[in-house]
Amino acid sequence: MQNSLPELVKCDVFSLFNQMRSVSVDLNNDSSLLIDIPDALCERDKVKFTVHTKTTLNSFQKPEFSVPRQHEDFIWLHDTLVETEEYAGLIIPPAPPKPDFEGPREKMHKLGEGESTMTKEEYAKMKQELEAEYLAVFKKTVQVHEIFLQRLSSHPVFSKDRNFQIFLEYDQDLSVRRKNAKEFFGGFFKNMVKSADEVLISGIKDVDEFFEQEKTFLLDYFSKIKDATAKAEKMTRSHKNVADDYIHISATYSYLLICLHSLCVINAYRHLEKFSELLEKLRKVEGRVASDQELKLTELLRYYMRDIQAAKDLLYRRARALADYENSNKALDKARLKSKDIPQAEENQRQCLQKFDKLSESGKQELTSFKGRRVVAFRKNLIEMAELEIKHAKVRIKSAVCSEHNLFTHN
Amino acid sequence: MAASSERSPPPFPESEEQELEPDLEDEDSDEGADIFTGGMLSDVVMDPPLPTSASEPAKDIFSDAPADSFNDPLNKTSAEPEKTESTGLSKAQVVSLVDKAADDEDLFSDPLGESEDVSAEVHKASQNDVVSKADLFGDDDEEDLFKEPLGAVTKKPQVPLFTEEPNDIFTEAKAGSKAPSDLFTEETFTAPSAAAAAKPSVNTGSKTNGLHSDEEDLFAEATVELSLDSPHNDKRKREAAKPSVPASTLSSSASTSKPQPKTLEELEEEENEDKFDLNISVTNPEKVGDGMNAYMAYKVSTQTTLSMFRSKQFVVRRRFSDFLGLYEKLSEKHAQNGYIVPPPPEKSILGMTKVKVGKEDPSSAEFVERRRAALERYLQRVVCHPSLLQDPDVREFLEKEELPRAVGTQALSGAGFLKMINKATDAVSKMTIKMNESDVWFEEKLQEVESEDQQLRKLHAMVDSLVIHRKELSMNTAMFAKSVAMLGSSEDNTALSRALSQLAEVEDRIEQLHQDQASNDFFIFAELLADYIRLLGAVRACFDQRMKAWQRWQDAQNMLQKKRETEAKLLWANKPDKLQQAKDEIVEWEAKVSQYERDFERVSATVRKEVIRYEKEKTRDFKKQIIRYLESLLQSQQQLIKYWEAFLPEAKAIA
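Going down the list, the protein sequences come from chains V and C. According to UniProt numbering, the first sequence holds residues 1 to 411 in order. According to UniProt numbering, the second sequence holds residues 1 to 655 in order.
Accuracy of the hints is not assured; some may be wrong.
[Unchecked claim] DSSO-like cross-link-like pairs, simulated, lysine-lysine; straight-line CA separation at most 30 Å: (1) C:K347 to C:K624; (2) V:K284 to C:K329; (3) V:K284 to C:K623; (4) C:K575 to V:K125; (5) C:K458 to V:K110; (6) V:K127 to C:K354; (7) V:K281 to C:K623; (8) C:K471 to C:K329; (9) C:K642 to V:K391; (10) C:K592 to C:K548.
Simulated from the structure, these hints should not be mistaken for laboratory data.
Throw the hints in and build the complete structure from the sequences for me.
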């Protein structure tokens with residue numbers, strides 16, 4: 001069953017898929033490089049994305065092409081970008097999170113275990129609901145990967161990155177080397193150092209007013225948005241629970257009707273039938289509300305949480321560069337004191353300064369544009385969410401009125 | 001027989017009444033007397049005194065007769081002949097009639113015609129037109145047959161033409177029953193068995209025909225309701241019958257005929273009336289006393305126009321155990337008769353202890369409110385029940401200023417312990433009784449009740465989990481609202497910051513909506529389901545009562561069988577000294593058997609009526625609650641729309 005689920009889902013993904021493109025980034029409408037993921041295939045734990053590119057740039061051999069890519073390839077691309085010195089002054093778009101189908105899978109498993117305690121109808125509905133959930137997760141996964149590429153393609157610098165172009169164009173499997181254990185732990189260690197550094201840096205007062213402000217803002221904002229994301233996740237999850245309860249209730253109501261064959265009892269429950277229909281409608285709405293909230297709100301928050309992390313990384317790199325510059329200053333002083341290797345130290349100091357200045361400059365630009373992007377994205381999503389909420393509430397009212405009407409006409 | 005009993009419903013229901021009148025008016029001048037005698041005859045044939053005591057059953061004639069008379073001619077045909085014989089006193093003629101009737105299954109009018117003949121013979125001395133009347137009936141088709149006697153009986157008191165002639169007949173009949181002339185009394189002795197046999201045959205008839213068509217249902221219901229009312233009528237008639245014979249004949253016949261059409265409507269009306277005439281509310285829960293001796297007292301206010309109460313409006317204070325005490329009293333009196341006595345909410349030691357100890361805990365406040373609402377619904381259910389409303393204890397509970405302290409309602413008292421033991425023994429004996437169910441209706445109903453119970457429990461658990469999840473949702477929404485508010489405060493874009501704090505406010509309000517919705521889920525559905533799970537327990541209890549009554553009857557029958565065997569042995573052994581004693585015992589047990597049988601029939605009828613009533617009430621309750629739920633849903637969704645619509649411009653203002 002666990003394996004059959006993806007196949008089941010796959011076929012409907014893309015009919016719904018295109019309506020759902022929503023998130024959170026405002027991309028400039030530069031048509032010179034257009035990327036989308038029109039198709040994805042789920043094989044066991046791996047998701048294979050088809051990355052489709054349409055371009056007018058000469059640096060590509062063909063104007064249009066598609067390549068198969070896996071999640072690991074995206075991670076590789078992200079890592080190479082992070083490691084590229086030149087991009088230190090840029091906010092590197094956050095890597096898409098690993099496809100995670102554990103949630104729905106686990107639920108599916110539980111459902112399989114509880115099959116005997118449920119009526120057929122109830123089971124079918126639960127399964128349907130789970131499939132929808134799986135579908136939503138799948139769509140979300142595809143979407144975040146797509147957005148990652150789109151952000152790269154819309155960025156003046158990243159769009160010309162060699163590795164990016166290879167990623168888009170190379171029509172064989174990239175077969176990027178998986179990280180081995182050492183690297184993995186190395187990465188882990190690096191992260192540790194980084195977060196320790198971050199703590200240090202956050203303590204140091206920046207000379208530059210803008211960056212100082214930006215730093216306090218981002219640090220504060222990050223903790224808040226992280227909290228808000230967690231809370232929003234919790235909220236959507238409990239909303240889903242409510243929707244699931246509706247399934248059980250409406251199924252039991254209808255089962256109750258089946259059990260009771262006698263005429264008068266059926267009459268007693270006849271409006272329950274109508275009511276069960278209403279509950280069925282409500283559960284669909286409730287499920288929609290939950291997934292819309294998830295998509296418009298939680299995803300937005302989650303994405304910007306990661307984006308802010310990327311911005312923080314930028315600040316971190318700048319702080320590092322600053323520290324390097326200060327070190328090179330010290331080295332220069334030392335060299336001057338010892339009158340040894342002065343030109344070398346001077347050169348080093350000059351380079352560090354240059355690097356730092358460049359980084360500061362592009363960083364300022366990036367952060368400013370990030371701010372604008374964030375505001376626009378929030379605006380778009382909040383408006384959409386409010387509209388959807390209103391729509392759903394109206395649907396609920398409509399079905400309630402409808403079943404009330406039914407109740408009265410029935411008697 | 002099957003065919004004829006299927007045809008039998010039409011004569012009875014109210015619908016016929018309108019058609020009857022023209023018929024009657026056409027015929028009353030010349031044939032009215034005959035018709036009347038016909039009607040009376042069937043009465044007399046069918047519902048004579050019981051063998052046990054001649055005086056008591058004599059009243060039964062008038063109480064039972066109308067109820068059964070029009071079914072009985074039919075059912076009588078199906079009555080087993082041996083039953084009639086078993087009384088041992090039946091007149092040969094009647095036996096042969098019954099036999100014949102049983103044989104002539106296809107020709108419905110024939111047996112009836114014959115039965116008229118026979119009864120005509122019975123009354124020949126006093127009535128000369130009988131033969132012509134019998135002819136009249138013989139010529140008519142069955143429907144008319146039934147309409148006319150019915151019409152005659154119901155109409156007679158209003159038609160002045162009748163007054164003289166019927167008087168005679170009636171006095172004759174009355175005289176017959178009073179100073180038993182051989183023919184008549186013997187005749188009457190046969191009939192109870194026929195009537196008794198006829199009653200179960202109503203049931204068995206409904207079994208074979210199935211209760212599934214509406215028509216059949218109606219019929220069954222009608223008979224049940226009527227025969228149930230007989231005890232009430234009985235009283236009235238007893239009083240009415242006392243005056244001098246000539247006067248009483250008319251008045252009693254009037255009283256027999258009048259209540260008939262009424263009872264049906266009465267029942268319908270009663271249910272409607274109750275709702276409007278009696279408004280009970282339980283309010284102002286108040287803690288009285290301190291510590292573990294503290295208890296909750298509630299204000300029970302009644303508004304009524306019913307004349308049975310002293311005033312139109314009164315208020316009393318009652319504590320929880322008083323409610324339990326009322327239930328105890330009611331169930332003691334009524335449960336054994338097959339009534340569904342609405343159960344009060346359970347005692348909750350945990351919840352109450354919390355209330356006793358805790359100061360201002362929201363959960364104990366919820367507990368108190370929940371119990372208050374449950375008590376209110378409980379009382380409303382009690383007074384909605386036409387028979388329970390008549391109970392003096394109910395009136396006392398609602399009206400009397402001071403009520404003696406209810407004893408034995410404490411869960412941990414000696415009485416409570418005794419109750420538990422009783423319940424356990426009941427459960428054991430229930431398991432040991434193997435009832436061979438003669439009536440499919442009851443069998444199916446019981447099955448249904450059981451599966452309904454199971455489903456309702458499941459549903460209740462689910463609604464509970466819905467409530468829990470919604471509460472969680474509301475909590476999480478509140479937390480999210482706080483988070484968003486914080487996020488808004490750190491946002492440096494002013495418009496976005498504003499929008500975020502607006503969002504926080506919206507979410508805050510939504511939290512309230514979720515909370516309201518959760519309490520709606522709870523109070524509208526979870527509590528309704530809990531009530532009905534409790535009520536289903538009472539429904540099952542009334543099925544159990546019926547089973548007990550059956551068991552008693554069976555036991556008595558076995559005993560009678562044994563006594564008969566002893567008699568036979570004694571007869572064989574030729575011991576005349578003990579023979580007389582054995583015979584006396586047989587008579588005694590015969591009386592018991594028929595007494596218990598009647599008890600069983602009565603309980604069965606009550607159970608059936610009660611279950612139907614219960615279902616009607618359930619329909620009403622569920623519908624009411626669903627509508628309430630829908631309305632609350634509508635309201636909360638409208639609120640939701642309002643909130644989001646107010647938010648929308650804020651979101652759009654972000655720049």
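Hinted pair, alpha-carbon criterion (30 Å max): K592 of chain C, K548 of chain C. Please report holds or violated. 15 Å, holds
Hey, K281 of chain V versus K623 of chain C, does the alpha-carbon distance stay inside 30 Å? Cα-Cα ~19 Å, so holds.
Please work out if K458 of chain C and K110 of chain V have their alpha carbons no farther apart than 30 Å. 19 Å, holds
Taken at face value, is the distance from the CA of K623 of chain C to the CA of K284 of chain V at most 30 Å? With a Cα-Cα distance of about 23 Å, the restraint between K284 of chain V and K623 of chain C holds, given a limit of 30 Å.
What's the verdict on K284 of chain V and K329 of chain C, does the C-alpha distance respect the 30 Å limit or exceed it? Distance of about 49 Å is beyond 30 Å: violated.
Given pair status - K125 of chain V, K575 of chain C, alpha carbons within 30 Å: Roughly 79 Å between the alpha carbons, so the hint for K575 of chain C and K125 of chain V is violated.
Assess, step by step, whether the Cα of K471 of chain C is no farther than 30 Å from the Cα of K329 of chain C, and give holds or violated. 39 Å, violated
Checking one constraint from the list: CA of K347 of chain C to CA of K624 of chain C, max 30 Å. Satisfied? Holds: K347 of chain C and K624 of chain C sit about 27 Å apart, inside 30 Å.
Given pair status - K354 of chain C, K127 of chain V, alpha carbons within 30 Å: 42 Å, violated
Is the hinted pair K642 of chain C and K391 of chain V satisfied, with a Cα-Cα distance of at most 30 Å? The given pair, whose Cα atoms are some 12 Å apart, holds under the 30 Å limit.
Going down the numbered hints, you'll see the structure goes against 2, 4, 6 and 8, while the others check out.
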